[in-house]
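Trainee: Please work from the sequences and hints to get the whole structure.
Going left to right, the sequence shown walks through residues 5 to 483 as my numbering numbers them.
Simulated from the structure, these hints should not be mistaken for laboratory data. Cβ atoms here follow ideal geometry from the backbone N, Cα and C, with glycine treated the same way. Hints may contain errors.
Said to hold, decoys possible - Quick list of the computed label-pair ranges, beta carbon to beta carbon:
no., residue 1, residue 2, range
1, 415, 210, 26 to 32 Å
2, 210, 123, 29 to 35 Å
3, 417, 340, 23 to 29 Å
4, 176, 336, 51 to 57 Å
5, 380, 72, 47 to 53 Å
6, 88, 139, 21 to 27 Å
7, 177, 419, 51 to 57 Å
8, 96, 71, 26 to 32 Å
9, 408, 244, 32 to 38 Å
10, 186, 210, 20 to 26 Å
11, 237, 89, 25 to 31 Å
12, 96, 156, 21 to 27 Å
13, 353, 152, 45 to 51 Å
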Amino acid sequence: MRPKFHFSVPDNWKNDPQRPIFVDGEYHYYYLYNADYLDGGLGTSWRRATTRDHVVFHDQGEAIGKFTNGNGDCWSGSLVVDTEDTAGYGRGAVIALVTQVTVDRVPEGGQAQFLWYSTDGGRSFRSGGDEPVLADPDRPDFRDPKVIWDAGRARWFMALAEGDRLGFYVSPELRTWTKVGEYARDDLGLLECPDIFEMTADDGTRHWVLGVSANAKARGLPATYAYWTGAFDGSGFVPDEHEPRWLDGGLDFYGAVTYPHHDDSGAEDPTLRHTIGWANFWDYPHNTPTIVTDGYNGDDMIVRDLRLVRGVDGYRLASAPTAALADYVTQTHRLGDIAVDGEVDLDVRAEAYDLTCEIEWDATIGEIGVEVCRARGGTRRVTATLDLPGQLVRLDRTATVSPTGGVTQLPFDPSAGHVAIRVLVDRTSVELFVGDDVQSHRVFPIAGDQGIRLTARGTAARFRDVTVRELSTPMGASR
Numbered sequence: 005m006r007p008k009f010h011f012s013v014p015d016n017w018k019n020d021p022q023r024p025i026f027v028d029g030e031y032h033y034y035y036l037y038n039a040d041y042l043d044g045g046l047g048t049s050w051r052r053a054t055t056r057d058h059v060v061f062h063d064q065g066e067a068i069g070k071f072t073n074g075n076g077d078c079w080s081g082s083l084v085v086d087t088e089d090t091a092g093y094g095r096g097a098v099i100a101l102v103t104q105v106t107v108d109r110v111p112e113g114g115q116a117q118f119l120w121y122s123t124d125g126g127r128s129f130r131s132g133g134d135e136p137v138l139a140d141p142d143r144p145d146f147r148d149p150k151v152i153w154d155a156g157r158a159r160w161f162m163a164l165a166e167g168d169r170l171g172f173y174v175s176p177e178l179r180t181w182t183k184v185g186e187y188a189r190d191d192l193g194l195l196e197c198p199d200i201f202e203m204t205a206d207d208g209t210r211h212w213v214l215g216v217s218a219n220a221k222a223r224g225l226p227a228t229y230a231y232w233t234g235a236f237d238g239s240g241f242v243p244d245e246h247e248p249r250w251l252d253g254g255l256d257f258y259g260a261v262t263y264p265h266h267d268d269s270g271a272e273d274p275t276l277r278h279t280i281g282w283a284n285f286w287d288y289p290h291n292t293p294t295i296v297t298d299g300y301n302g303d304d305m306i307v308r309d310l311r312l313v314r315g316v317d318g319y320r321l322a323s324a325p326t327a328a329l330a331d332y333v334t335q336t337h338r339l340g341d342i343a344v345d346g347e348v349d350l351d352v353r354a355e356a357y358d359l360t361c362e363i364e365w366d367a368t369i370g371e372i373g374v375e376v377c378r379a380r381g382g383t384r385r386v387t388a389t390l391d392l393p394g395q396l397v398r399l400d401r402t403a404t405v406s407p408t409g410g411v412t413q414l415p416f417d418p419s420a421g422h423v424a425i426r427v428l429v430d431r432t433s434v435e436l437f438v439g440d441d442v443q444s445h446r447v448f449p450i451a452g453d454q455g456i457r458l459t460a461r462g463t464a465a466r467f468r469d470v471t472v473r474e475l476s477t478p479m480g481a482s483r
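Mentor: See the structure below:
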């Protein structure tokens, strides 16, 4: 059941992605890994994979082992390339700021930030000392440091998850940190894995973006990556709007990180970033048949290209599957225009593919949809639906094998009379792209559930330029 074109861990367990860094012409992607998962062991290390195109990843083994010192196992953090040798390990040293759960220091498991360093391009790391660079302040949540270089003030800046708020800290050399501000929210559940970056929008203006993984299910909102555009002055962040936007409106895009794109010269492109998110959620982290079928538990959703675009209601991050995915098409089925009044089954059956089309309608009545991962009798399926009168787009996995039942929905304006949609299907996931919005679900189709059906109920619809591109990476799975 390994995915054919998504990242998956080689064995055992993975969870949180760590922000990739760009070194020597390639991206180094780290993630939390437990080599003892199948045996019931606890704790996580940092494992590394490398990629040049954000699709195919090459496993490089563990970079920071778990329980290698007396400070507990390694949780999430972030890496930076210290080009000016501020930390004293040499120009170009890779520095990791890592949360470790210091059970030996605090019996109930205090959380503190520790420095690790690499002088071999991020391939292996050594501890920067047994003492934390930012000690546990005796609060239950104090983790996931996200560090950036604040060029405007020539210092390092850290955003840290502290329960219902993000703490802001600064440092001249990555070792001593001073708190300078915070951003508090008591209406988004537990905040984890913060993110902060500056980006150039499609109209040429520059904007700061603050992101965080949040669980807002209690408010009927997602539990994925929330973000705000706004103003950052080196100490505080002021959002343009109180309510966040969400990078994914589905069920399984947690712990996501974003990272800059680098051009052929190695320079950062300020108009383009990438994002990668864990294809799972803490409500059901161990509920996957891949443990039995393939001896592992841990996939990511597809890497996405992000651009900051201006709309009538402000600036938002527009997502699309990363461009290099087109290089891994193994077969293309161009089915042309299809008129639908009821349902039409496509003459294509596949287990891993990219389906694209534009849907047109004459009146905002009825529902139009695409069923994927469909059993021959239709009892199992994943359904993407445009609810025209309700002005909603839904993704529903309740009629297939999934961690739990689940349907998600996002607002949708049908007044234009047409919309482009894109559906990525793999052995363990379905991702629905409609306009700038995405909904990602973790699903486990039974072998043979490969049907695709177009539907239009209560109305008629035209599906223009229906194309199904089957996908597979050279390794069969991007790991």
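Trainee: Give a verdict on every hint.
Mentor: Comparing the hints with the structure gives:
1. 415 <-> 210: 26 to 32 Å: Since the Cβ atoms of residue 415 and residue 210 sit about 28 Å apart, the hinted range of 26 to 32 Å holds.
2. 210 <-> 123: 29 to 35 Å: holds, 34 Å
3. 417 <-> 340: 23 to 29 Å: Roughly 27 Å apart at Cβ, these two residues keep to the hinted range, so it holds.
4. 176 <-> 336: 51 to 57 Å: Check passed, 54 Å falls within 51 to 57 Å.
5. 380 <-> 72: 47 to 53 Å: This hint holds: roughly 52 Å between Cβ atoms.
6. 88 <-> 139: 21 to 27 Å: Since residue 88 and residue 139 have Cβ atoms about 26 Å apart, the given range 21 to 27 Å holds.
7. 177 <-> 419: 51 to 57 Å: holds, 55 Å
8. 96 <-> 71: 26 to 32 Å: Given range 26 to 32 Å: holds, Cβ gap about 29 Å.
9. 408 <-> 244: 32 to 38 Å: holds, 35 Å
10. 186 <-> 210: 20 to 26 Å: Cβ of residue 186 to Cβ of residue 210: about 24 Å, so the range 20 to 26 Å holds.
11. 237 <-> 89: 25 to 31 Å: Given about 27 Å between the Cβ atoms, the range holds.
12. 96 <-> 156: 21 to 27 Å: Holds - the Cβ-Cβ distance for residue 96 and residue 156, about 22 Å, lies within 21 to 27 Å.
13. 353 <-> 152: 45 to 51 Å: Holds, since residue 353 and residue 152 (Cβ atoms, about 46 Å apart) stay within the stated range.
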